[in-house]
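There are 2 protein chains.
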Amino acid sequence: MNYAFMKRLSDYSAMAESAIRNLDLSSDKFDALYSPVAYGMQAGGKRLRPTLLLMTADAFGNCPDKAIDPAVGIEMFHNFTLLHDDVMDKSDTRRGRPTVHSKWDENTAILSGDTMLTLATKKIAEVEDAILRPVLDTFNDQALRVYEGQRLDMDFENMTEVDLDSYIEMIKLKTGALLGASAKIGALIGGASLEDAEKMYEFGMMLGMAFQIEDDYLDTFGNADTFGKPIGGDINNNKKTFLLVKAIATAGSNAEALKAAMKMPAGATKVKTVTRIYETMGMPSVSKAEVAAYSSKALAAIKKTSLSDERREAFRKLIDKLINRSK
Amino acid sequence: MNYAFMKRLSDYSAMAESAIRNLDLSSDKFDALYSPVAYGMQAGGKRLRPTLLLMTADAFGNCPDKAIDPAVGIEMFHNFTLLHDDVMDKSDTRRGRPTVHSKWDENTAILSGDTMLTLATKKIAEVEDAILRPVLDTFNDQALRVYEGQRLDMDFENMTEVDLDSYIEMIKLKTGALLGASAKIGALIGGASLEDAEKMYEFGMMLGMAFQIEDDYLDTFGNADTFGKPIGGDINNNKKTFLLVKAIATAGSNAEALKAAMKMPAGATKVKTVTRIYETMGMPSVSKAEVAAYSSKALAAIKKTSLSDERREAFRKLIDKLINRSK
Numbered sequence: 000m001n002y003a004f005m006k007r008l009s010d011y012s013a014m015a016e017s018a019i020r021n022l023d024l025s026s027d028k029f030d031a032l033y034s035p036v037a038y039g040m041q042a043g044g045k046r047l048r049p050t051l052l053l054m055t056a057d058a059f060g061n062c063p064d065k066a067i068d069p070a071v072g073i074e075m076f077h078n079f080t081l082l083h084d085d086v087m088d089k090s091d092t093r094r095g096r097p098t099v100h101s102k103w104d105e106n107t108a109i110l111s112g113d114t115m116l117t118l119a120t121k122k123i124a125e126v127e128d129a130i131l132r133p134v135l136d137t138f139n140d141q142a143l144r145v146y147e148g149q150r151l152d153m154d155f156e157n158m159t160e161v162d163l164d165s166y167i168e169m170i171k172l173k174t175g176a177l178l179g180a181s182a183k184i185g186a187l188i189g190g191a192s193l194e195d196a197e198k199m200y201e202f203g204m205m206l207g208m209a210f211q212i213e214d215d216y217l218d219t220f221g222n223a224d225t226f227g228k229p230i231g232g233d234i235n236n237n238k239k240t241f242l243l244v245k246a247i248a249t250a251g252s253n254a255e256a257l258k259a260a261m262k263m264p265a266g267a268t269k270v271k272t273v274t275r276i277y278e279t280m281g282m283p284s285v286s287k288a289e290v291a292a293y294s295s296k297a298l299a300a301i302k303k304t305s306l307s308d309e310r311r312e313a314f315r316k317l318i319d320k321l322i323n324r325s326k
Numbered sequence: 000m001n002y003a004f005m006k007r008l009s010d011y012s013a014m015a016e017s018a019i020r021n022l023d024l025s026s027d028k029f030d031a032l033y034s035p036v037a038y039g040m041q042a043g044g045k046r047l048r049p050t051l052l053l054m055t056a057d058a059f060g061n062c063p064d065k066a067i068d069p070a071v072g073i074e075m076f077h078n079f080t081l082l083h084d085d086v087m088d089k090s091d092t093r094r095g096r097p098t099v100h101s102k103w104d105e106n107t108a109i110l111s112g113d114t115m116l117t118l119a120t121k122k123i124a125e126v127e128d129a130i131l132r133p134v135l136d137t138f139n140d141q142a143l144r145v146y147e148g149q150r151l152d153m154d155f156e157n158m159t160e161v162d163l164d165s166y167i168e169m170i171k172l173k174t175g176a177l178l179g180a181s182a183k184i185g186a187l188i189g190g191a192s193l194e195d196a197e198k199m200y201e202f203g204m205m206l207g208m209a210f211q212i213e214d215d216y217l218d219t220f221g222n223a224d225t226f227g228k229p230i231g232g233d234i235n236n237n238k239k240t241f242l243l244v245k246a247i248a249t250a251g252s253n254a255e256a257l258k259a260a261m262k263m264p265a266g267a268t269k270v271k272t273v274t275r276i277y278e279t280m281g282m283p284s285v286s287k288a289e290v291a292a293y294s295s296k297a298l299a300a301i302k303k304t305s306l307s308d309e310r311r312e313a314f315r316k317l318i319d320k321l322i323n324r325s326k
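If you read the protein sequences in the order shown, they are chains A and B.
Going by numbering that gives the first Met the number 0, the letters in the first sequence line up with residues 0 to 326, in that order.
Going by numbering that gives the first Met the number 0, the letters in the second sequence line up with residues 0 to 326, in that order.
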């Protein structure tokens, strides 16, 4: 099959979605092990990570087809982390469906999650021998970063205050590293030089941070109809998001009101109260500025690669799409 | 460093133990993530899997030194499975120490377990480029077999009867595959042909099955002073061990008594009653015969390799040691 270079963003995500839908995880004997894996993969979502991996392989080597197995692998890794995170957070639903541990049970979620991690590693390894080692190293190292980020995030729950540097470190690890690795692995498959592959890692990392801060913003200021989960969940959980951490750091005369609001029981009144404080403090524009700053850094990383202007365009569009999204 | 060929068994296990002791898992920032990993690795035990990996590398290539990182990796994988199994089984102690989830908490056990799996994969990949792919494939495939075996074992808990074939399938997957992979990876590192490496997989698999059936035997008929855990735990949990599955399949006139004993509440009387039924049925010798049969198969696999008689000797000694052990 021949793929034309520079497909539209939606073509890459459709390609990822189709490969994921065609995954054969059926098993006569071990259905109880592999069904939850298939269920975890069918969660839908933006398929951002495999899309980024495919488009990077195409930008450097006109070869998204060679990248399809690793693209599925990177999404499988992502879904593995969601599956285990949901157990740790005791979340009963995700994207409107019961989570694996609530549909089956916790032991199934642990074991089928482990299975997903190994299956993901196998998919990632579906590359030419010449790049197996750098691809595998990139994948394993990002995995450790993700666990470190999740560990920090868990530790934050028991802290009343988190400083901004720690928050930034956490999202770098928990969200940035996987997007960085997606872009880097795509670049390696596309035949990019190691220098270009590192620049693409930087791109993915900065994109990931813009993406996460936008996600934090949408959880409070998004549109309930399109966001896909109830607005204000982070506020109700006193979750250390960019909004909260930044607001605490710069609260000034709003400090007492914010502290009092955090102590309120979860509910619509709490969400309204905290949202109003954020608005008074101008947090929406502070947040948007932060997203724009990371987007600029992402763009700067792309400009340092050897990619032509024409080939950079798809990445610029991806940034635009992610920071102007409603879900 | 130069290693002489055909070291004593105890030299290989000491080599593994020392490499594990020297693992640097300290982390200033992520101590909460990596300390439980270090704790999980310090559990001691026989270090059977890395010992087998090292001795196979030495038998084929006089190079246990080249195999040391993968040997640590295979033990780390094993300890990762124990860590997650302990969460699933809600076991509070292992080898006389609190388990990770009881010393820390369940979320820590899940996340640090995931970390161990990725760290294990990294260690396994510390081989020459030329054999990276077969070594990685062998490792990942055995991992899937282990999860399948654990899934079966969990399913057995909800079944009143398990047939012997299913039990054999379960231990093949849960115990055999990892020992098979340990031997095969050692052989690949030692430069063995693919044929010889496959024979070594067969050896490890058969050794693992002999080992597991012996383990089941010792849980009932072992010596409490040397076995390291209370005798009769399997009986108290109605665990589907070789003894129980085989006894149910061949109970004849003892069927009613066995069924009644299984319904007794856990305690010394139950252990005594079931043990007596096993003795009446001659289960100790039936069990020993089964161990001997798998040991013979292991020996037969070794004889099919190109190894000299002299080099086979260490493997024969390993079999002898494992089936005549008290712990």
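Hints are supplied without guarantee of correctness; some may be wrong.
Repeated chains share a single entry, so a pair holds when one copy, or any two copies, can fit it.
Unchecked claim - With a cut-off of at most 25 Å between alpha-carbon atoms, the simulated SDA-like pairs for lysine to any residue come out as follows:
no.	residue 1	residue 2
1	K65	D152
2	K102	T249
3	K320	E309
4	K171	D27
5	K269	K303
6	K320	D104
7	K89	S252
8	K171	S26
9	K326	F29
10	K6	T92
11	K269	P229
12	K6	L257
13	K102	S90
14	K28	E156
15	K6	C62
16	K65	N106
17	K316	A13
18	K28	D140
19	K262	G221
20	K302	A256
21	K89	S295
22	K121	R132
23	K171	T279
Just so you know, these hints were derived from the structure itself, not from any lab.
Quiz prompt | Alpha-carbon proximity between K89 and S252, which holds within one copy, between copies, both or neither at 25 Å | solution = neither (36 Å within a copy, 49 Å between copies)
Practice problem: Give the relationship of K102 and T249 under a CA distance limit of 25 Å: within one copy only, between copies only, both, or neither. | Solution: Neither, since 42 Å and 38 Å both go past 25 Å.
Quiz item: What label fits K6 with C62 when the C-alpha limit is 25 Å: within, between, both, or neither?
Solution: within (11 Å within a copy, 50 Å between copies)
Quiz item: When no copy is named, should K171 and D27 be tagged within, between, both, or neither for a Cα gap of at most 25 Å?
Solution: For K171 and D27, the Cα distance is within 25 Å only across copies (18 Å; inside one copy 41 Å).
Practice problem: Could you figure out if K269 and K303 sit no more than 25 Å apart (CA to CA) within one copy, between two copies, both or neither? | Solution: So K269 and K303 fail the 25 Å test inside a copy (45 Å) and across (73 Å) alike.
Quiz item: Is it within, between, both, or neither for K65 and D152, if the alpha carbons may be no more than 25 Å apart?
Solution: Neither way: K65 and D152 sit 35 Å apart in one copy and 38 Å across, limit 25 Å.
Self-check item: Homomeric proximity label, K171 with S26: Cα distance no greater than 25 Å
Solution: Intra 37 Å, inter 18 Å, cutoff 25 Å: inter-copy only.
Quiz item: Given identical chains, is K302 near A256, meaning Cα to Cα at most 25 Å, within a copy, between copies, both, or neither?
Solution: neither (44 Å within a copy, 79 Å between copies)
Quiz prompt | Up to 25 Å CA-CA - P229 versus K269, copy category | solution = within (14 Å within a copy, 53 Å between copies)
Quiz item: Is it within, between, both, or neither for K171 and T279, if the alpha carbons may be no more than 25 Å apart?
Solution: Classified as neither; 28 Å inside a copy, 64 Å across copies.
Practice problem: Since the copies are identical, ignore which copy is meant and state whether K320 and E309 lie within 25 Å (CA to CA) inside a copy, between copies, both or neither. | Solution: Classified as within; 18 Å inside a copy, 67 Å across copies.
Quiz item: Is it within a copy, between copies, both, or neither that the alpha carbon of K121 lies no farther than 25 Å from that of R132?
Solution: both (13 Å within a copy, 10 Å between copies)
Going through the hint list in order, the structure does not satisfy hints 1, 2, 5, 6, 7, 9, 10, 12, 16, 20, 21, 23.
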